[in-house]
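A.B. asks: Protein sequences appear in the order of chains A and B.
Heads up: the first sequence begins at 1 in my numbering, then just goes up one per residue.
Heads up: the second sequence begins at 1 in my numbering, then just goes up one per residue.
Relax, there's no trap hidden among the hints.
Taking lysine to aspartate or glutamate pairs in the EDC-like style, the calculated list, with each CA pair at most 16 Å apart, reads:
| # | chain 1 | residue 1 | chain 2 | residue 2 |
| --- | --- | --- | --- | --- |
| 1 | B | Lys-198 | B | Glu-221 |
| 2 | B | Lys-89 | A | Glu-81 |
| 3 | B | Lys-89 | A | Glu-78 |
| 4 | A | Lys-148 | A | Glu-21 |
Note that these hints are calculated values from the structure, not bench results.
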Amino acid sequence: MSPHTLLVTVGSTLFPSLTNEILSPPLLAKLSSLGIQRLIVQYGCADLPSDLGIEVDGAGNGTGLIRGMQVEVMRFSERFEDLVRRSEAVISHGGSGSILTTLRRRPAVPLLVVPNESLMDNHQAELADEMGEQGYLMVSRVEELEQKLPMFLSEEWTKGIKPFPEMDGTRFRGIMDEMMGFN
Amino acid sequence: MFILLLLLGVILLAFVLAFRIYALLPSGKSPTSSNRRSTDTCSIAIFLGSGGHTSEMQTLISNLDFERYTPRTYIYCHGDEISLRAVGKLESDKGTSTKSDSYNLLPLPRARKVGQSPLSTSFSALRTILPTIHHLLILPLLRDPRNPFADVLVINGPGTCAVLVLVSWIRRILALPHTRIIYVESFARVRSLSLSAKLVRPFVDRFITQWPEAGGSNKAEYRGWLV
Numbered sequence: 001m002s003p004h005t006l007l008v009t010v011g012s013t014l015f016p017s018l019t020n021e022i023l024s025p026p027l028l029a030k031l032s033s034l035g036i037q038r039l040i041v042q043y044g045c046a047d048l049p050s051d052l053g054i055e056v057d058g059a060g061n062g063t064g065l066i067r068g069m070q071v072e073v074m075r076f077s078e079r080f081e082d083l084v085r086r087s088e089a090v091i092s093h094g095g096s097g098s099i100l101t102t103l104r105r106r107p108a109v110p111l112l113v114v115p116n117e118s119l120m121d122n123h124q125a126e127l128a129d130e131m132g133e134q135g136y137l138m139v140s141r142v143e144e145l146e147q148k149l150p151m152f153l154s155e156e157w158t159k160g161i162k163p164f165p166e167m168d169g170t171r172f173r174g175i176m177d178e179m180m181g182f183n
Numbered sequence: 001m002f003i004l005l006l007l008l009g010v011i012l013l014a015f016v017l018a019f020r021i022y023a024l025l026p027s028g029k030s031p032t033s034s035n036r037r038s039t040d041t042c043s044i045a046i047f048l049g050s051g052g053h054t055s056e057m058q059t060l061i062s063n064l065d066f067e068r069y070t071p072r073t074y075i076y077c078h079g080d081e082i083s084l085r086a087v088g089k090l091e092s093d094k095g096t097s098t099k100s101d102s103y104n105l106l107p108l109p110r111a112r113k114v115g116q117s118p119l120s121t122s123f124s125a126l127r128t129i130l131p132t133i134h135h136l137l138i139l140p141l142l143r144d145p146r147n148p149f150a151d152v153l154v155i156n157g158p159g160t161c162a163v164l165v166l167v168s169w170i171r172r173i174l175a176l177p178h179t180r181i182i183y184v185e186s187f188a189r190v191r192s193l194s195l196s197a198k199l200v201r202p203f204v205d206r207f208i209t210q211w212p213e214a215g216g217s218n219k220a221e222y223r224g225w226l227v
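With the rest of the complex left out, here is chain A (with noise of 0.2 Å):
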């Protein structure tokens, strides 16, 4: 079955130019064609697009009908971790933090990183190329979404995902316990 939730999100920081394309018409028509009834959209820091015709509270956050779907935009989340358990995809800024959170769901949802390339210093591409390369999720570049999507969102991808190990944390507790003499 592919996804019907999309999840959105950049974090805490600011990256019009993904959540403006994602919420641009002819992304948002690709989106409802291939079955998203559901798009979250946590933008940061970023401005939403004036005519989006969502009405937005103070807080940034608000929900609306297009093309069929239910959007709902949220500048910031307190709880990521839900957010991801209700979504059945993610597209994200790849921060660590959100890579981490959302290769851990089970069941394992896709998960396409579309890296920042305005920041200057940008290891988070690296990180993303690293991980896309050893298959754990899918890289893409902001103009390559609209042919990207057809594939991430299909079936074959989402069950072709290689599952992302568990943390384990007998190595963090070993290497202390070492270094300060335990045995």
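Chain A is fixed; fit chain B onto it per the hints.
C.D. replies: Relative to chain A, chain B alone:
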């Protein structure tokens, strides 16, 4: 003549100090501290650096045995509500096994905001250093000169953690029992180190990256993903 002697003295002192620091630099072979029995405790200081640093640190620390690593001192920057909440969650998740007096909070002024210029950074670093010296050096000395503020300090950036390293080093230079320091580079660093990692690397006892190539040509200790 007197001024010349004084000058000579200062230069000599600077040389001795530099040599002492050089001689004390951890060799990278990760020496372990003296053996502890499994029932012993170990006091720990944890720096919560805000944002992604805090959430990774929260994950790391959640793996520790809180009855062993006690008491815990959480150091964070003034006004960082998210780190404060992280402490609350860490401590409450460990549940009934811990008493409320087994941890304490130490807020410090932030040394460097992202994008701050070098000049204003050095100014605000000074504002961080003085209270840090007060809390991490002077108060513990008055309480009991034999014990440092914590047996071990865990850091993972950003900039302010360098101030903690600096102040911890004063006891080391004075040959007093000192705090051992471990730096864990972020999971987000795949092929390069962060600025704070490069800065503190020579001065920490354990320096760990979460990707094999993150340390560059100068290989760092790598034990797989820790978060």
